[in-house]
Amino acid sequence: MSKKIEIEVRILLKNRKEVEKALAQRGAILIKYLKVKDFWYCDKNAHTYKQASIDTSGFALRVREEKDLQFNKTSASIDCKTLQDGKNHAICNEYALPILNIPQAKKILESINLKEFLVVNKERKVYKYQGITFYFDKIKGVGDGLEIEVMATKGTEKIKYEQLLNLVDELNISKEEILEKSLTFIAMQNLANF
0 MSKKIEIEVR
10 ILLKNRKEVE
20 KALAQRGAIL
30 IKYLKVKDFW
40 YCDKNAHTYK
50 QASIDTSGFA
60 LRVREEKDLQ
70 FNKTSASIDC
80 KTLQDGKNHA
90 ICNEYALPIL
100 NIPQAKKILE
110 SINLKEFLVV
120 NKERKVYKYQ
130 GITFYFDKIK
140 GVGDGLEIEV
150 MATKGTEKIK
160 YEQLLNLVDE
170 LNISKEEILE
180 KSLTFIAMQN
190 LANF
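Sequential numbering from 0 applies to the sequence shown in numbering that gives the first Met the number 0.
Read the hints as simulated data drawn from the structure, not as lab findings. Worth double-checking, as some hints may not be accurate.
Said to hold, decoys possible - Once the Cα atoms are required to be at most 27 Å apart in a straight line, the calculated DSSO-like pairs of lysine-lysine come out as:
(1) K80 <-> K106
(2) K139 <-> K3
(3) K20 <-> K34
(4) K49 <-> K137
(5) K139 <-> K43
To be verified - Computed Cβ-Cβ distance ranges for the label pairs, DEER-style:
(6) S76 <-> G140: 19 to 29 Å
(7) K139 <-> E161: 27 to 37 Å
(8) S173 <-> I28: 24 to 34 Å
(9) Q103 <-> E175: 37 to 47 Å
(10) E93 <-> K36: 12 to 22 Å
(11) I111 <-> E161: 35 to 45 Å
(12) K34 <-> N171: 26 to 36 Å
(13) I111 <-> Q24: 22 to 32 Å
(14) F58 <-> Q103: 14 to 24 Å
(15) F58 <-> V118: 14 to 24 Å
(16) Q103 <-> N171: 37 to 47 Å
(17) S173 <-> I107: 35 to 45 Å
Note that beta-carbon positions come from the ideal geometry of N, C-alpha and C, so glycine has one too.
Please take these sequences and the hints and turn them into a complete structure.
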C-alpha cells in the first residue's frame, strides 16, 4: 500500500461568501459544521513563533477538540505534521491518533518537555467536491480562510497540487490570497503566548 501524502492550498479569503457560494453551485456537499479548538505544542525552550514553527522544529504538534454542531458530538485527537520535503508547506505527512482524555494528553506532552504556546479557536465548514476536501474556517484573531486538500501518493504530488491551483482559479480566488504557509502560522505570529 502506498503512503498517502497530504497536498493542500491555504488561502486567506477576501470574500468567503462568494467562494462558498461558487463551490456549492458546482455541486459541493456540506459534510460537517464544526467548532474546533487546537492546542499547539512546541519544545519548552522555544521563545518565539519562529523557534516553534515547523520550519525550525521539523514538526507541528497539536491536540484538537472538535465539536460537530449538527450531531452535538465531541471528539479529540493528537495530530502531528511534518513537511514531506523539509521546505514546502503544501506537501505534508500528517498523522493523527484519537484520544479520550484531553487533560491527560496535555500532561503527557508536558512530561516530555513540550509546552502549549498557542490556542486556535475556529468555526469550520467542511465540503467535499470531486474527491477534494474544502475547509472553510473563521479563525478568531486571523479571519476567514480556506484549506483545499487532496491526498496523493509519491510521484503524484505536483499533479495533485496543480489540480488544486486550477480549482482556486475556477473559484475566482486571486493568487494574492494564496498563502505560502498556513493560517495557523498567521495565528502563531499574532496570538502565540511564550
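We went through each hint and held it up to the structure:
no.: 1; hint: K80 <-> K106; in the structure: holds (20 Å)
no.: 2; hint: K139 <-> K3; in the structure: violated (31 Å)
no.: 3; hint: K20 <-> K34; in the structure: holds (21 Å)
no.: 4; hint: K49 <-> K137; in the structure: holds (24 Å)
no.: 5; hint: K139 <-> K43; in the structure: holds (25 Å)
no.: 6; hint: S76 <-> G140: 19 to 29 Å; in the structure: holds (23 Å)
no.: 7; hint: K139 <-> E161: 27 to 37 Å; in the structure: holds (33 Å)
no.: 8; hint: S173 <-> I28: 24 to 34 Å; in the structure: holds (26 Å)
no.: 9; hint: Q103 <-> E175: 37 to 47 Å; in the structure: holds (43 Å)
no.: 10; hint: E93 <-> K36: 12 to 22 Å; in the structure: holds (18 Å)
no.: 11; hint: I111 <-> E161: 35 to 45 Å; in the structure: holds (39 Å)
no.: 12; hint: K34 <-> N171: 26 to 36 Å; in the structure: holds (28 Å)
no.: 13; hint: I111 <-> Q24: 22 to 32 Å; in the structure: violated (48 Å)
no.: 14; hint: F58 <-> Q103: 14 to 24 Å; in the structure: holds (21 Å)
no.: 15; hint: F58 <-> V118: 14 to 24 Å; in the structure: holds (18 Å)
no.: 16; hint: Q103 <-> N171: 37 to 47 Å; in the structure: holds (46 Å)
no.: 17; hint: S173 <-> I107: 35 to 45 Å; in the structure: holds (43 Å)
Consistency with the previously given hints fails for numbers 2, 13, ordered from lowest to highest.
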